[in-house]
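Residue numbers (the working numbering), protein chains in the order written: chain A, 1113 to 1427; chain B, 1113 to 1427; chain C, 1113 to 1427; chain D, 1113 to 1427.
Do not take every clue at face value.
Pairwise CB distance ranges (calculated) [to be verified]:
(1) D/A1314 x B/S1334: 45 to 53 Å
(2) B/R1196 x D/T1140: 53 to 61 Å
(3) B/E1158 x D/G1321: 38 to 46 Å
(4) A/A1194 x C/E1381: 42 to 50 Å
(5) D/E1381 x B/G1339: 51 to 59 Å
Just so you have them, the derived chain A footprint on chain B, three or more residues with Cβ under 8 Å [as the list claims (entries may be wrong)]:
(6) 1179–1189
(7) 1345–1352
No wet-lab data here; the hints were simulated from the structure. Ideal placement from N, C-alpha and C gives every residue a C-beta, glycine not left out.
Protein chains: 4
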Amino acid sequence: MYAVGVDIGGTKIAAGVVDEDGTILAKTRRSTSPDDVASIDRAIAEVYEEFRGDYEIGAIGVAAAGFVSNDRTTVLFAPNIAWRDYPVGEKVRALIGEDVRVVVENDANAAGWGEFRFGSAKDATDMLMLTLGTGLGGAVVVDGRLVRGRWGVATEVGHMRVVPGGHYCGCGHQGCWEQYASGSALVRDARAAAVAMPDRAAALLALAGGDHDAITGPQVTSAAQAGDPLARDLFADLGRWVGEGAASVAALLDPELIVLGGGVADAGELLFPSVRAGFERELSARGHRPEARIVAAALGNDAGMVGAADLARVD
Amino acid sequence: MYAVGVDIGGTKIAAGVVDEDGTILAKTRRSTSPDDVASIDRAIAEVYEEFRGDYEIGAIGVAAAGFVSNDRTTVLFAPNIAWRDYPVGEKVRALIGEDVRVVVENDANAAGWGEFRFGSAKDATDMLMLTLGTGLGGAVVVDGRLVRGRWGVATEVGHMRVVPGGHYCGCGHQGCWEQYASGSALVRDARAAAVAMPDRAAALLALAGGDHDAITGPQVTSAAQAGDPLARDLFADLGRWVGEGAASVAALLDPELIVLGGGVADAGELLFPSVRAGFERELSARGHRPEARIVAAALGNDAGMVGAADLARVD
Amino acid sequence: MYAVGVDIGGTKIAAGVVDEDGTILAKTRRSTSPDDVASIDRAIAEVYEEFRGDYEIGAIGVAAAGFVSNDRTTVLFAPNIAWRDYPVGEKVRALIGEDVRVVVENDANAAGWGEFRFGSAKDATDMLMLTLGTGLGGAVVVDGRLVRGRWGVATEVGHMRVVPGGHYCGCGHQGCWEQYASGSALVRDARAAAVAMPDRAAALLALAGGDHDAITGPQVTSAAQAGDPLARDLFADLGRWVGEGAASVAALLDPELIVLGGGVADAGELLFPSVRAGFERELSARGHRPEARIVAAALGNDAGMVGAADLARVD
Amino acid sequence: MYAVGVDIGGTKIAAGVVDEDGTILAKTRRSTSPDDVASIDRAIAEVYEEFRGDYEIGAIGVAAAGFVSNDRTTVLFAPNIAWRDYPVGEKVRALIGEDVRVVVENDANAAGWGEFRFGSAKDATDMLMLTLGTGLGGAVVVDGRLVRGRWGVATEVGHMRVVPGGHYCGCGHQGCWEQYASGSALVRDARAAAVAMPDRAAALLALAGGDHDAITGPQVTSAAQAGDPLARDLFADLGRWVGEGAASVAALLDPELIVLGGGVADAGELLFPSVRAGFERELSARGHRPEARIVAAALGNDAGMVGAADLARVD
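Next comes chain A alone, as it looks inside the complex:
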């Protein structure tokens, strides 16, 4: 059975027809408005119409950045799109006019499920996925099942507290993991280093035209790839926080695999060695237990689409 996976972004959706092996057979896109939620419903209906002529579609899976109701039909709250208790499934079905199954899933969960079923974790039973983008998201699979939590809001990994009294987070709390393990943290630290240690930050400042507030994530990556010691240290620090935090999650959940995705994880060897070193240094009961492997995500931006499609089909 084919399913359509839809990945909802801020100003566009990406959709694809996905088969039972996780292969994307066709892809398309539509522009949408984050303030006009009906525009999103229409776009989903349109892509369904576009695909149904060529493929027999059994279900639509929608990956959305937000809290999703337990029955996976409604977005309860989304930070960047105007969904508030919005029954996406019902709305889309009404536009389509037939009884196709529409399942909504948190986007990080969908991406994690994609990796679990068809990507880096396809041979695993217990996985922690961490998505390092602007913030820090993730997904957890325990014994083959996606963890959604009692009310569907599990796996807010980025808001686990790792430093009491630490950096303030946009959520109003202090010391959230994503303040230490995300692209935003990388840029903030780079800018501060440029103020405190302008000599050491000369390469970064040159890339940013001399203005520490203009330093960007891609500049840090570029400097690090060119061997700049400060930029490399910034990635190593970031990696350390990823790995050390992952060790705490591993103490709780004992996963066999930790998958790192998101744009920051593309830094690859700038990041992974320090992630592994931080994880090993902080893992409880080392030597008395097997250790999770830490690997890169395999599906890139398609993970959400593929995972959403599969979740719509299999459960």
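Fit chains B, C and D to the known structure of chain A by using the hints.
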């Protein structure tokens, strides 16, 4: 079907016949030696013999403080008993001489399962149990299933790191949760307060004969119950760490219920208000989500026996 | 002998004739431009001309926010005024056309000296003054002598590190004391509390028109004075950081008096009890040593003017 | 004028005749008992008798580990010797039977003064000395004068708090600098590393006979000198804490020279580079100010004797 639940302590075992409703129909005890693991096998076989005349026993569940193999037959490692890759199930069956099912389970998992099935969480589907004793243990149930992890060593909650560079733990790491949320932490903090603030610690010092190193947990409890401000603050601090750490776990797992057990939790109202306040203050996305309730365990010391028996039967 | 004390602000100067008892006999003001440092020289010369007809002036003391050279003639660097290695003394003398003594002093040092000689610390020999404004400044007197340091840049108390890896400071470092003990810290914490705990912050949010980013320091003070629990807690936290940090300075310098000045210190009883509690709790070797008293500054905004005049006169 | 300098240890005293250039002309020792304070008085009187035949002695300076009264005649409290408000000067004079000047000084102050007058800081006016032994002591000279504080208990540098909620100290507080920057801290961290990372600690464990609790400071030094990566990291961490803490003191006092003494400082190049790196990284307003140099103490164990003699003479 009846099952025998066996709770293995350092120098004795407690065993009981448990029915399918979690009711203990009979109880007994045997002395054992932690250095002579065969003495534990014999004691288990003896209690089985004692019970089998009066009850039809279908399975034996053994709750053991240690890492247990995935197939739940073998203790891989125990900190306080000389088990090293020790096949408890096979040894006991050999002594009994018949093919009764023997299932070994981590003791915190067994106690958590007892509370989940028959105690404070019997109406819940997703639970975090925290056991506040000398150290900090726990158990997690997700969507009705006990989380054991890929290699059976999940739910080492006490070794999640809550303070980078914090107090050293016996495990060699720093900042483990149990260094802030356990009876040992309470006593350590009480003693330090008595050194730094002898005036404020006058009541505690009086109970300890004037020697700060002689302050004990029961003395702190007693002083707190009598209204001593320092002792009450010590419990409030402890509760705060329990609640704040639980908020991080809730960000990850979204449980509906947090159950507090163990001897320290008996402090009741000295502890629970600050646990709840700490949890609420640190819970991510408050107001956009339902919140877990925080309740006391109901089964006391029987939880492990009841849970082990049930786990032996049902899975 | 009379001396003129001049307090340099961002857009104006305040000047006064000060006698040897620290009494201000006359006061005046001039507007200036922070980008036109000559405008400041001219304003100082003008106020001198204004006063000299009525008073016999022996010296001019200039209090300036910035690093001052060892010989107290030159501002090496100022964050908010365009002084860079600027010989204020020489420039003013050239305008005046006579050989009056012109002494430049760091403004926090001048204010501290004013309090030491004529204000709250006039009977003390060893003082720590902390000025709680937007940031955290201070002054130290050891055995009757103002501590300027080897290169004149001592008493940057606000940039002592109190939390490794703590809040970022405008200086590029992390965990500077002024990120925890200043008016800016108070407002930042109030805004974050309003995001994380909107219910608890209802009173503050009402004052700020519902926008957490619009919360101001005076609103927090006003809410605290009206008894709002959150606002009172915010002041108590601030006071705790002031007192705990002061305990570290006291371990180093053993002052007899700690004087709190600056706008935030006007909060008085909202602040002082928690400052004292924090100081007492963290003071090393309590019980084996006398303890510094913690008092409010007495001279208000005149402290800098009076202190600068006195420093110009007495050396 | 010659003076006798006496360095009081736990079970012996060392004394010497010191000239005005800080040269030791003669040395001797006596055994004493820490519980019998009169034995110390007698030993001081004896060494004076021994020296007076050959040298014209004008004063006796006594360096004592403890709090000393403002008039420098009395030890108020000592942690390791049974002095409690004990008038050492008067007692010694009574034994000697003549009116020689006897001046008592805190031992860290005496050693710091020795370095300031005749050792590494002899060309400086403003010095911070840090003595890295079992604990962390120090001395401060501001503008050529030793800082004793209002009540003589200044420069308890080891008990400045550098980590809120950090490691417990014997003083009952948490996060004292000496818990991070001392020989005890080095050993504690080495032992913990051996528990958490036995593979990485193989060299250290081999030196300690396989028992992590048997690891000593000299073993860590020896392993570090032989290039062991863990031992080198432990020294680097220690150095970092020394340097970062020194940066906070420098923000307060602006010294021109930081002198490192004590047994741990003998580690030399294992320690100093990371001290300097930590200092530079955390120093406030770098680039806008000259920076203190960081150098090794020059006088070794004689510093206290020489300094005490000089302090007895000059003031």
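Hints versus structure:
1. The hinted window of 45 to 53 Å between D/A1314 and B/S1334 holds, with their beta carbons roughly 47 Å apart.
2. Between B/R1196 and D/T1140 the beta carbons are some 60 Å apart, a value that agrees with the proposed interval 53 to 61 Å.
3. For the hinted restraint 38 to 46 Å between B/E1158 and D/G1321, the CB-CB distance of approximately 42 Å keeps it satisfied.
4. Our hint of 42 to 50 Å for A/A1194 and C/E1381 holds, since their Cβ atoms are close to 46 Å apart.
5. The hinted range of 51 to 59 Å is satisfied by D/E1381 and B/G1339, whose Cβ atoms lie roughly 57 Å apart.
6. Counting residues of the segment 1179–1189 of chain B whose beta carbon lies closer than 8 Å to any beta carbon of chain A gives 3, which reaches the threshold of three, so the coverage claim holds.
7. With 0 residues having a beta carbon nearer than 8 Å to a beta carbon of chain A, the segment 1345–1352 of chain B misses the requirement of three or more and the stated coverage is violated.
Hint compliance for this structure: hint 7 is the single one not met.
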